[in-house]
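Undergrad: So the chains spell out like this:
Protein chains: 2
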Amino acid sequence: MRPVISPGWTRPARPEMSGEATYLRHHLRGLDNWNPTATSAGEHLQQVRRMDLNECPYPPSPKVQAAIEGVFARLNRYADGSCPELAARLSATTGVRVPNILFGPGSTQLLKCIIEISAGPGDNVVSPSLLWHRFHGIYEALEADATLVANRPDGSIDVAQLTRAIGNRTRMLVVITPNNPTGMMLSEDELRHVILQTPDNVLLFVDEAYHEFAMHAGGPDALRMLQRERSGPWIVSRTFSKAYALAGLRLGYAMCSSPEIANAVRLMSSTFVVSAFAEAAALAALDDPDYSTFIVEDTARERSRIIEGLRALGCEPMNSVTNFVSADVGRPGIDVVAAMRERGIRIARWAYPEYGNYIRVSMGAPEDTDAFLDALAEILGTS
Amino acid sequence: MRPVISPGWTRPARPEMSGEATYLRHHLRGLDNWNPTATSAGEHLQQVRRMDLNECPYPPSPKVQAAIEGVFARLNRYADGSCPELAARLSATTGVRVPNILFGPGSTQLLKCIIEISAGPGDNVVSPSLLWHRFHGIYEALEADATLVANRPDGSIDVAQLTRAIGNRTRMLVVITPNNPTGMMLSEDELRHVILQTPDNVLLFVDEAYHEFAMHAGGPDALRMLQRERSGPWIVSRTFSKAYALAGLRLGYAMCSSPEIANAVRLMSSTFVVSAFAEAAALAALDDPDYSTFIVEDTARERSRIIEGLRALGCEPMNSVTNFVSADVGRPGIDVVAAMRERGIRIARWAYPEYGNYIRVSMGAPEDTDAFLDALAEILGTS
Chain U
0 MRPVISPGWT RPARPEMSGE ATYLRHHLRG LDNWNPTATS AGEHLQQVRR MDLNECPYPP
60 SPKVQAAIEG VFARLNRYAD GSCPELAARL SATTGVRVPN ILFGPGSTQL LKCIIEISAG
120 PGDNVVSPSL LWHRFHGIYE ALEADATLVA NRPDGSIDVA QLTRAIGNRT RMLVVITPNN
180 PTGMMLSEDE LRHVILQTPD NVLLFVDEAY HEFAMHAGGP DALRMLQRER SGPWIVSRTF
240 SKAYALAGLR LGYAMCSSPE IANAVRLMSS TFVVSAFAEA AALAALDDPD YSTFIVEDTA
300 RERSRIIEGL RALGCEPMNS VTNFVSADVG RPGIDVVAAM RERGIRIARW AYPEYGNYIR
360 VSMGAPEDTD AFLDALAEIL GTS
Chain H
0 MRPVISPGWT RPARPEMSGE ATYLRHHLRG LDNWNPTATS AGEHLQQVRR MDLNECPYPP
60 SPKVQAAIEG VFARLNRYAD GSCPELAARL SATTGVRVPN ILFGPGSTQL LKCIIEISAG
120 PGDNVVSPSL LWHRFHGIYE ALEADATLVA NRPDGSIDVA QLTRAIGNRT RMLVVITPNN
180 PTGMMLSEDE LRHVILQTPD NVLLFVDEAY HEFAMHAGGP DALRMLQRER SGPWIVSRTF
240 SKAYALAGLR LGYAMCSSPE IANAVRLMSS TFVVSAFAEA AALAALDDPD YSTFIVEDTA
300 RERSRIIEGL RALGCEPMNS VTNFVSADVG RPGIDVVAAM RERGIRIARW AYPEYGNYIR
360 VSMGAPEDTD AFLDALAEIL GTS
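One line per chain: the protein sequences are U and H, in this order.
If you read the first sequence in numbering that gives the first Met the number 0, its first letter stands for residue 0, the second for the next number, and so on.
If you read the second sequence in numbering that gives the first Met the number 0, its first letter stands for residue 0, the second for the next number, and so on.
Think of the hints as simulated: they come from the structure by calculation, not from any bench.
A hint or two may mislead.
Okay, the calculated bits of chain H under chain U, using three or more residues with CB under 8 Å as the criterion [unchecked claim]:
#	stretch
1	20 to 28
2	68 to 77
3	84 to 98
4	155 to 164
5	188 to 202
6	326 to 334
For lysine to any residue, the following SDA-like pairs were computed, each having C-alpha atoms within a straight-line distance of at most 25 Å [unchecked claim]:
#	chain 1	residue 1	chain 2	residue 2
7	U	62	H	285
8	H	62	H	381
9	U	62	H	69
10	H	62	U	73
11	H	62	H	92
12	H	62	H	286
13	U	62	U	312
14	U	62	H	73
15	U	62	H	286
Beta carbons are placed, not taken as given, at the ideal position from N, Cα and C, and that holds for glycine.
Construct the complete structure from the given sequences, taking the supplied hints into account.
TA: Structure representation (structure tokens):
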């Protein structure tokens, strides 16, 4: 029996289509552009508290700066996209073999390449319905037959329903821990359920963009569990964008259970896709563990402040372990986002209609937390 | 009547497949890894003349260095992937509207995204058979039904046969000018033929990675011709990797005849795919036209020297207008590549079996030209 499935997400209506663009695949006609990084007229980075994109509020480690300056003289050369030094370093710390590790310009770019190795048009992927909406864009782009399993009422991933939704035609199961936009992670038991209940003929893809925050919060190590407990195939994706303050660098990576899987992703991606800065900067960031510890600890402190502040204002924040917090603010999120933006603070709302009262705020520096909570009190009329 | 079609390219044999990786799409099982940027043990960039990847031998303009240094402080932030200043600048010089211009981490990454908007599994794409072999990888990755039209005996693209190969099911026609690995460009008449003979229900994709070199060599401006003479849809792709010495930066762009086409490519690509360095460095490079003129002129001078030197050694160089030259060296290219590599010089051979005697050498500094020609004379036994 199939579980209750909720699409959970609906694509905005498209503009009237000409019906003539037959050179475009049917599902790609009449698309809008979506640019979350766009700044409106007069809005400049330095004047705005950018708390909408789950970025780190601090620049990277000073060691990264030195590494970047050393790259200039060879910027005319293609970088080795296999990032051999970095791959060896990650291999040493994770136990994943070098040929099974690959890199892309952010894990975002890899997400589509990864899903595409299993899912062509009509191929079945099982996924939570509530997750970063780029996943919905990827399912749409690939014309995948995505079975979207409703999350639990508290927003967490319903792992029992998820694995129950696996059918004969399922090629891949997607989980995200911690998940976006909820900020919640899977427990060790939940992860074990997914690892053991996903059959060996289904590729288990675990996206861990917020891995380092989850570790700091005492979460289970998904990779170690996959290595020890899963007999079937798996992929884990991670990024340097968050805990290493390198969102602008564009470097993410995937670790796979076999070189065959890694090579399939490599063909879907591109050989010359990683910049010359990427490996040098990532190695320098790894050379400064105190700095990433500072980022993770600072994030945890501001997260507690934001969660407490939201509660004090009568909102219902979710139990985030990441560098962002989502909350039910009791009124349309779209209005709160607009009111915040008038005050020079960028936050996000949820793209899911049934969560219309939810906002998502990224952790900033302590003064950003103050500004956000003050503004929210004002907006909610409780100040 | 269909023209004579030659696949021209055959995938290397794959290792024995397990036959069990059903979670991978069938055509992606048992793939090898291919890494042209890999350096072998003991081989370091500074000790090797790297003349195999069509890179510029000089670092970028000093203005780029200053721009890059200014980026560090905001490297924790996602860059605006729409590169608004750069798009406005390119729009002003080309007349292509800003919403029709999009960016990726190198035009290489965009190639697959572009072809994917027209070609799903089984969809027909018409293409020259002789072109950069990443195209073959893309056709394979997408399971496209690629009609590969044989190039003329001299290696040039046979535009008459190409447009004749367009059928009722054709979604896209691919041309590359200048082409790689031949280095040859289409004439104005040939371009006009393609532009006018590709029906309006077929997307015409012109890849121009070596555009600036072709302009310097007096070639036709494909974009201007498309804008003035084509009534149907088109895409032009270009890059900052070659004439701006920014291969390691990873920035390419596509200009489209409509925002609908651009948005389809954007969905196939990724919002957060361009680094924070990319736009700043590209703007700085455009601010130093003397430097890119120096690169293009220096390249032309060394190209003439290489072509003359090859002829003097009894080889048959092709009529390249780019930063590389291919030539029939009268013996297996694979042997010449190996002998060059023993001498610390990296060059490439052609991946096409029927061109087994061809090598491809990228333009270097004058001393690289000297070293290459001396080594070749030695290898061919004519010194």
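Undergrad: Decide, hint by hint, whether the structure agrees.
TA: Against the structure, the hints come out as follows:
1. 20 to 28: holds (count 7)
2. 68 to 77: holds (count 9)
3. 84 to 98: violated (count 1)
4. 155 to 164: Coverage by chain U is violated here, the residue count being 0 at a Cβ distance below 8 Å.
5. 188 to 202: holds (count 3)
6. 326 to 334: With 0 residues in contact (Cβ-Cβ under 8 Å with chain U), the coverage given for the stretch 326 to 334 of chain H is violated.
7. U/62 - H/285: violated, 29 Å
8. H/62 - H/381: Violated. Residue 62 of chain H to residue 381 of chain H sits at ~44 Å, over the 25 Å cutoff.
9. U/62 - H/69: Roughly 16 Å between the alpha carbons, so the hint for residue 62 of chain U and residue 69 of chain H holds.
10. H/62 - U/73: holds, 15 Å
11. H/62 - H/92: It holds: about 20 Å lies between the C-alpha atoms, which stays within 25 Å.
12. H/62 - H/286: holds, 8 Å
13. U/62 - U/312: violated, 40 Å
14. U/62 - H/73: holds, 15 Å
15. U/62 - H/286: Distance ~29 Å between residue 62 of chain U and residue 286 of chain H Cα, so the pair is violated.
Going through the hint list in order, the structure does not satisfy hints 3, 4, 6, 7, 8, 13 and 15.
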